[in-house]
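Given two chains presented individually in distinct reference frames, assemble the corresponding complex, making use of the accompanying hints.
Listed below are the residues making up each chain.
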Amino acid sequence: MCANHDSPPSPPSRRGFLFTLGLALSAAAATLAGIPIIGSIFGPVRGRAGQAWIKLGAVGSFPAGQTRLATYENPFRVAWDGPTAKIACWVRRIGDDQFQVFAINCAHLGCPVRWFPQSRLFMCPCHGGAYYEDGSRASGPPPRGLFEYEYQIREGQLWVRGGQLPTLAGPV
Amino acid sequence: MAKLTGGLRSVVGWFEVRTGLAEALTPAVTHSVPRRTASWWYVFGSATLALFALQIATGICLALVYVPAADQAYQSLQYLNDQAAFGWYLRALHFWGSNGMVLVMTLHMLQVFLFGAYKYPRELTWIAGVLLFLCTLGMAFTGQILRWDQDAYWGLGIGASIAARAPVVGSTLVHVLLGGPIIAGRTLSRFFALHVFVIPGILIALTGLHLWLVLRLGVNEWPMPGRVVDRETYRKRYEDEVHRDGVPFFPVAARKDMVGMAAVVLAVLTCAAIFGPNGPHGVPDPTVTDASPRPDFYFLSLFALLALLPPWTETVILLVGMPLTIALLLALPLFAGTGEKSWRRRPVAVLSVVLIVLVVTTLAALGVMSPWSPVMDAGTALATPVPYVQGRAPLELQGALVVQNKQCRNCHSLDGEGGRRGPALDGVATRLTRDQLIRQVLQGGGNMPAYGKNLAPAEVNALVAFLETLHPPNQPPVRAPVTPRPVAHQN
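Protein chains in written order, with numbering that gives the first Met the number 0: chain Z, 0 to 171; chain F, 0 to 490.
Misleading hints may appear alongside valid ones.
[Said to hold, decoys possible] The following label-pair restraints were derived from C-beta to C-beta distances:
no.	chain 1	residue 1	chain 2	residue 2	range
1	F	368	Z	142	21 to 31 Å
2	F	385	Z	117	40 to 50 Å
3	Z	142	F	400	32 to 42 Å
4	Z	30	F	81	45 to 55 Å
5	F	286	Z	117	15 to 25 Å
6	F	321	Z	151	53 to 63 Å
7	Z	117	F	475	25 to 35 Å
8	F	225	Z	30	39 to 49 Å
9	F	13	Z	17	39 to 49 Å
10	Z	93	F	323	39 to 49 Å
11	F	6	Z	14	32 to 42 Å
12	F	367	Z	117	51 to 61 Å
13	F	274	Z	142	35 to 45 Å
Since the hints were made in silico from the structure, they are not lab data.
All residues carry an ideal CB built from backbone N, CA and C; glycine is no exception.
With the rest of the complex left out, here is chain F (with noise of 0.2 Å):
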């Protein structure tokens, strides 16, 4: 055993007169932290990075056999899926992989602010995240592409229309997007380019100068309510800090940094061994119109935002509150790069972070819900209730077969069951009355079609004493007042 050693140790010895690799990463290995940031609310950098490591592997794993061709692509999935060596597998991980990625980022990222380590002399290490961020975003959006079935297809359609609301270079954008005049062969190749060649490189290098920046300005200390940051002051207090209570990263720090790691990666081993990899849904062949197109998770709040705002709001919102959104998280340590680190004295920063969390995870929520969006089979696959059709008059049923024939229930629900784009059609005599129930129909109105001129007035007929039986049993229809006639005067 001891002669193992002693051989391992000149092995060792061997590479390390020649390398000097040992003597030149010990001290960025072993040097000083402040003791408090030895702390779980630390790990999240690491772990982010042991999944980009995790998605670098598995992504050259699925390159082997993945054709970055648009007439082969798909069907390289489906062998990956089916009969590759843990092809199903490797294709689970990445996608759960990159899933992951986005998620323990965004985590680190709010702590990070939450932490106040964004300010002097960290603003550069912010701003390389933030760019991290993005790419990273620009990985799960190129990556999508790459599952070439049908939402991929149609995502493109999006991010190309959404590209050319672009004043003046729209149409330059659209082209250089898809690689040509229309999504095509070209714009898959374009992607592939972008999410194996370009994106990459410059994620590690932008990883790179984060790690370096962090080696070279210390871990940011645990934030103290009353401790300032001051530009003049703030290096000597840190070091004095390290000098007078720190712990060494590697073994004291490191240690958490190691268990986070791993946690991650096995939750994403998991995730995938249970759940299994994304799609590919359906051949991308844009002649199968009964595609309904969903982005991945990290898209979703984006998705529902385009179908919530008010349309005449949405070209300056992407075109003009985008780029200032990012502008703004860029530029955040350059204006709020001094002053209080702690939480507890930052009463605005914790509640954008609230805010923030709230308001992406409910559009996200929305986003999985979509109630804006018709059910577009409700006219052939949904049945009416039968409570809705027992006891009604010949007319009545009549106008039920229109609710049926005119695709009503891709918008309004009977029952619980079809659209949610209007609102529920129970109880829908309690609300209008007839002449109301008459006027909305042939005019529309309120996001609902005209539908004068696709009615015959027998049909409107019917619909309308069919609508005016959908009431409670105990709530009567609600009729129209009664005016009272003007009293004349005489005079």
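Chain Z with its partners taken away, still in its complex shape (with noise of 0.2 Å):
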């Protein structure tokens, strides 16, 4: 150490003190602005709160034994979401009370699968994915079966839970 270094340490001055307390300051104003921000951007998770009992209609309306396209508003709907609100699944009614509902994205990669009745198969338009009429997998790309709702039977109308993009993170 140089001896010239030695000097003590100069009091703080007024311009130190000042430029101490703007760096602060800017700090905190980051931070605290930072929040809203960094809040808007993940406000959209909600993890698996955001789900809701949907009702799909009579179950008179679903014949035994067949699969048939079954639609629904999106429960947390906002007013400008046009067309977007609505959404498709498959229910598969296999005896009086015993149900399937398929969401209609593939377990690939989304796309809507479709329903045929002859050959029983749901095949998906994007890769060629194919499953069974019990939802199992039949061929191609997809890593699953597809996914199904929970539902229920309420005085005579049937209910599936959803609200969420059925993908391989979060089942419906």
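Below, the structure is given as structure tokens:
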């Protein structure tokens, strides 16, 4: 160490204080401004809480042994959703109170699968995934069977639990 | 006339005294560049910039009319197409401009790579360029979403499904991407903000950095075999070359740049006038189930890859392979920053370019044909060709009906028409015996679903009878080999 540098630290000056204050205030302002900014970007993350029971229709409108398209309105819709507020699913009635309700989204990459009653298969137009009538994977790239909704029958109505885009990270 | 130019000069002078812009910019415009870089090979960068400027201008004009709300976006696009002044042409320009920008930027990147321009001291120029390329692809994807049609809706589904494959954070990513639990109004608003504010801001900032670096470090010299880049000597040698044999960028090199810029803009103007805008294709109503979503051309190769990869490799390739590829591109100048620049001495570089271009274009071509997609309306739209039913026995005709009614041709073609997911059925009798046909129909396998539960025995019988007739007249159906009886050993 050079002797010259051993001099006692200079007393805090007004300018030094102002500089530190400026830095600290800017950091505080940036942090405070950051809260709503980051918050709004990650606001939509609500996990599994974003689900609701949705009425699909009278049980009688789904003939036993058949698979039919049913549509419902997104329970979390906003006024400007337009046509995207609608969501479709495939309802298979096995017996009296026995149903399977499949998401329309292919388990591979989410394209809309179509039901072919004659060959009793669901086929996907994107990458050629195919599923049997019970939703299990028949062929193609899907890593699993179709996503299935939880369902209930209340007072003759079929209800499903939904509201999320079904993906591998959060099925239905 | 002299009075007029005199007047103009005094106006320019008035501004110059106050702004000093000419004084500040003249050295940048007239700086010396190596003589051989005044070449047609060097025009792709400025051409990309010209298209970017066109995208900004047409984008602003579209934003004057476009409504970024999920319930009205589609109608506003139709209004642009049909009623707004120049709306149809502006949409076409913006679409073809984006195609052109991705294409010309790719050419620029390939040229820069082959000319070794990413090597010392231009590493950061390359890194900024790779980020610009990624941002441009980001613009392409978000722009495709703003078209807010069926392709946009299901394209978002594909994007979200890819994001969902990320471990742990998959669900969070999906929600952040979609702005909610599902594709809806908030999703469009998010993508509008990305396409119009966030990514363009980053693009403009990065373009500024990229150009600043080009000016500061000089245009990459024409690579000569044997002239190896060495960190100690490179800059001095470059400056000597420019000093000894340089030409002013403006007007000598800029002449070709100007021609290049005008040429790509004219090409976009022409394509837009001839081919018009893209879509919108169908209201984004997810309850309309006859959608067959297809991405724009920039993502066709990825679309094809996702159909052709073995399923178990998909997640790994998406989550590890793609980030690794991007990291490799970004890090390229850090591990290959010195050495030979000339493509004549870099066989691995040349082969990589050939391989990448071949793979990407082949995949994109396959994406256009998408032979893996079933022809969803084959059962109702394609008639069984007449020669395939002529002279057939009643049972065989029943079988032809089964082929038609059970949508076999969604995946199998007859006479060249139908799906290509599975093998063509013409000549199937020359490949499979009766027993093999029955087994294949009942049990499936090799990417074919099993039809055992969906066909009555009589239907299977008829179907196989028909399939057995499918062979060329001069080639008999294959028969099961007769296995010789084992000779009993007598002791």
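Results of checking the hints against the structure:
1. F:368 - Z:142: 21 to 31 Å: holds, 25 Å
2. F:385 - Z:117: 40 to 50 Å: violated, 23 Å
3. Z:142 - F:400: 32 to 42 Å: holds, 35 Å
4. Z:30 - F:81: 45 to 55 Å: holds, 50 Å
5. F:286 - Z:117: 15 to 25 Å: holds, 22 Å
6. F:321 - Z:151: 53 to 63 Å: Violated: the Cβ-Cβ distance is about 41 Å, outside 53 to 63 Å.
7. Z:117 - F:475: 25 to 35 Å: holds, 32 Å
8. F:225 - Z:30: 39 to 49 Å: With Cβ atoms ~56 Å apart, the hint is violated.
9. F:13 - Z:17: 39 to 49 Å: Check passed, 41 Å falls within 39 to 49 Å.
10. Z:93 - F:323: 39 to 49 Å: holds, 46 Å
11. F:6 - Z:14: 32 to 42 Å: violated, 51 Å
12. F:367 - Z:117: 51 to 61 Å: violated, 29 Å
13. F:274 - Z:142: 35 to 45 Å: holds, 38 Å
Comparing the model with each numbered hint stated earlier shows that hints 2, 6, 8, 11, 12 do not hold.
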